[in-house]
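There are 2 protein chains.
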Amino acid sequence: MNQDIRIDIARAKSAAVGQPHGITPAEFDEIEPHIAEAHAILCKERENKAYGFWDLYKDEAAFQSVENAAADFLNRGYENLVILGIGGSALGTTALTTALLPPFYNLMTRRRRKNHPRIFVMDNIDPVTFRTMMRLCSPEKTLYNVISKSGGTAETMSQLMIVVEMIEKKVGAEAMAEHVVVTSNPRSDDAPPSHLHPVADQYKLTEFTVPLNVGGRFSVFSPVGMFPAAMLGMDIDGIREGCAAMDQRCATSDLKENPAYLRAAVQYLMDTAKDKNISVMMPYADSLRDVADWYRQLWAESLGKRWSLDGEEVYTGQTPVKALGATDQHSQIQLYREGPNDKIINILEVRKFDTNLRIPDTLGSIKSLDYLRGSTMNKLMAAELRGTMDALKLSKRPVSRIVLPRINGHTVAQLLYMLEVETAMAGRLYNVNTFDQPGVEEGKQIARRLMGGQG
Amino acid sequence: MNQDIRIDIARAKSAAVGQPHGITPAEFDEIEPHIAEAHAILCKERENKAYGFWDLYKDEAAFQSVENAAADFLNRGYENLVILGIGGSALGTTALTTALLPPFYNLMTRRRRKNHPRIFVMDNIDPVTFRTMMRLCSPEKTLYNVISKSGGTAETMSQLMIVVEMIEKKVGAEAMAEHVVVTSNPRSDDAPPSHLHPVADQYKLTEFTVPLNVGGRFSVFSPVGMFPAAMLGMDIDGIREGCAAMDQRCATSDLKENPAYLRAAVQYLMDTAKDKNISVMMPYADSLRDVADWYRQLWAESLGKRWSLDGEEVYTGQTPVKALGATDQHSQIQLYREGPNDKIINILEVRKFDTNLRIPDTLGSIKSLDYLRGSTMNKLMAAELRGTMDALKLSKRPVSRIVLPRINGHTVAQLLYMLEVETAMAGRLYNVNTFDQPGVEEGKQIARRLMGGQG
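Protein chains in written order, with this note's numbering: chain R, 1 to 455; chain C, 456 to 910.
What the hints contain is simulated information worked out from the structure, not anything from laboratory work.
The model shown is predicted, which means the values in this text are computed figures rather than measured ones.
Every residue, glycine too, gets a C-beta built ideally from N, C-alpha and C.
Please note that a few of the clues may not be correct.
Unchecked claim - Within a straight-line C-alpha distance of at most 30 Å, the following computed BS3-like cross-link-like pairs (lysine-lysine) qualify:
hint : chain 1 : residue 1 : chain 2 : residue 2
1    : C       : Lys-834   : R       : Lys-170
2    : R       : Lys-169   : C       : Lys-834
3    : R       : Lys-141   : C       : Lys-624
4    : C       : Lys-569   : R       : Lys-170
5    : C       : Lys-807   : R       : Lys-169
6    : R       : Lys-352   : C       : Lys-624
7    : C       : Lys-807   : R       : Lys-170
To be verified - Chain C regions said to be covered by chain R (calculated; three or more residues, Cβ under 8 Å):
hint : segment
8    : 467 to 473
9    : 524 to 538
10   : 541 to 555
11   : 580 to 594
12   : 888 to 900
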């Protein structure tokens with residue numbers, strides 16, 4: 001079966017939604033040389049290893065270490081895997097978990113989970129949530145994966161300080177290595193040392209590293225996302241093959257062939273030429289809900305920039321919004337159709353769900369439900385998607401669609417990889433530094449001073 | 456203890472964030488007569504019972520019937536409560552559940568749940584999710600509450616058709632009344648009949664009604680939200696008192712005294728005079744996450760309108776966005792600070808969490824963490840909130856803050872009630888019909904035709 005995901009931007013064109021809301025053939029023509037130019041720069045950056053996300057899936061050593069460690073830990077039968085991490089250290093795992101594990105996974109019996117642990121991604125410092133997690137996950141049966149490149153992230157490190165005390169008290173400090181795994185910067189002379197290194201030394205913890213040239217939001221295919229994936233029994237080979245397949249499709253600068261570049265061009269033109277400062281991602285599948293959340297960080301943090309690469313003050317960046325079909329038809333579609341035409345709506349479609357759910361011939365007294373009888377929930381979902389797409393078109397609202405043949409490691413990896421390449425290209429089109437985040441420092445410093453530390 | 460929630464709009468003023476991003480004293484002066492005028496109309500509409508959301512909390516009969524039925528069903532010891540509903544039939548219950556039940560509630564033992572059932576809000580038609588819910592919730596131990604005013608909602612009715620078949624097969628049709636409860640339109644000559652009425656008659660089901668003058672997105676304090684609340688052991692009296700307290704505060708047209716009107720004025724001016732077409736709601740508490748989602752429907756569907764009340768084509772409506780502090784500091788704050796200044800950011804603060812979580816003196820080798828030692832996660836959360844507010848101010852980004860003294864039925868009800876009144880006032884300022892949603896019909900009709908039904 002062809003597993004390729006497919007891009008459809010027909011309804012973002014002027015031919016579909018008219019002017020000024022759709023992109024004209026001339027606008028596509030104009031942007032092509034910019035794409036080609038940016039492609040050359042991105043290829044150079046990849047070659048020079050300025051940025052490393054493109055090649056994570058090829059890192060045999062990293063995958064070996066992750067898979068070996070996971071096999072070892074799985075043998076010990078943990079009931080819980082708890083991620084201590086925030087932002088890019090958490091969002092990838094949450095996206096993969098929601099996409100690739102069954103719904104209500106943590107409620108399932110151990111047998112249904114095939115002996116894999118439950119998963120808790122602790123990406124906040126709400127004291128009620130954290131305390132409740134501690135009650136639910138007895139430390140004897142729990143493996144904690146702390147993820148912070150620098151080991152200086154206040155939220156994550158405060159979580160770790162609490163967890164270490166609990167393990168010392170309830171299991172014993174000598175057992176720390178059986179309960180805590182570290183993911184941080186590599187140990188090398190070029191790398192800024194991670195505060196987690198001395199901790200790992202002290203307790204002899206298993207360590208994974210994130211390459212220095214990979215930022216948090218581009219790290220899902222590094223051990224940041226892959227160790228949890230392996231612990232949860234995800235199809236790592238399928239994930240790597242999905243990355244490889246998409247990498248290959250993204251090798252060309254030809255807009256008609258490269259799905260990531262085509263999407264980048266559409267998103268960029270929508271924002272800068274069509275006044276769509278909002279980009280909605282609306283999957284019609286519960287399992288892709290958190291992919292939309294992961295993309296939200298990728299898109300916002302990469303492109304929301306004050307300064308251009310030329311030092312001009314530009315204040316760029318579309319605001320990413322997540323929505324969920326069919327649910328949000330009953331919440332957001334009124335606005336999307338009748339509010340200001342200020343959005344590009346990205347619809348994620350899944351052609352085949354893992355189950356078929358028949359709508360039976362019950363409630364016979366209601367004649368007006370005849371059209372549902374004998375059909376399936378699957379067909380209803382597809383019809384709702386189509387109905388919404390058509391209704392949006394009637395209102396001249398541009399839509400860009402991504403079609404996944406089905407949901408598995410291969411297709412979801414294609415999707416994430418494509419969105420990463422799309423973001424890298426978009427950063428070039430906006431002419432900003434895609435890979436930094438200078439705007440988050442000041443708030444952290446103020447918080448640190450308020451806590452009595454140095455700013 | 457004073458339980459009043461508090462509004463702080465100082466950082467949305469020009470004195471704080473300058474011009475053109477902050478609201479000037481002159482702009483507040485100018486809007487005051489419009490508020491007074493709108494207030495008079497809203498009072499008249501309330502008096503005439505054109506819209507009923509204001510007075511739901513006073514409906515003694517409705518609360519009696521809900522509480523009696525819940526007591527009766529609770530005696531029978533259900534393991535699961537499953538809501539079949541979408542949009543306004545689901546979002547209120549999800550908001551209350553996340554706010555007022557412990558985190559990871561469904562994972563808790565029955566004892567910790569104080570014998571209340573687990574809760575599943577089925578607000579989508581994803582076949583994988585629905586089938587998995589059916590596996591997890593054995594029908595013998597499950598109470599289903601189907602919620603649809605008309606009984607014609609395709610998503611909800613297809614769910615019900617499936618559930619009814621399962622109950623017939625596994626428990627028996629004669630036991631339907633022990634497993635299905637209906638919430639729909641009242642039976643009266645003025646009301647359009649609900650398709651759920653003959654179903655209720657056939658199986659002799661317990662029925663609750665939503666007053667005709669209350670739309671889905673304003674229905675949380677009707678049996679739509681209150682029957683699930685009672686089944687889950689929420690403090691119904693506290694909720695009603697919270698509504699009453701806020702109702703009283705909203706009785707005046709004086710902007711300085713009426714928190715809902717003040718918020719409406721700020722949001723409206725931000726959109727129409729300050730080019731903030733995006734309104735972010737960012738609670739710094741996991742428990743308020745889904746209040747932001749509930750508000751998203753309320754704000755979008757009420758104000759996203761093509762036509763004004765005078766028949767002019769206006770295409771109004773701010774796009775509501777939900778975020779979560781501190782988590783999204785590592786995802787969205789880069790954009791909020793350095794991207795386009797196109798947002799008003801509503802921060803929800805909780806002064807006192809239900810637990811204090813101390814950060815112990817561990818990881819002694821990391822000197823740079825000294826500032827965290829001996830502090831609490833609570834203080835860290837408060838510092839992060841403050842740091843973000845200050846950083847946003849440095850970037851001249853307007854912020855409007857809502858402060859809850861703590862989280863309980865009383866304060867959360869105040870919050871929801873205030874946001875409803877705010878929305879009603881905002882609709883008047885925009886001069887649109889706050890209470891309809893003409894834009895969602897066309898997509899539904901297309902979907903119905905695609906399923907072989909009549910459009």
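Of the numbered hints stated earlier in the document, which are not met by this structure? 3, 8 and 9
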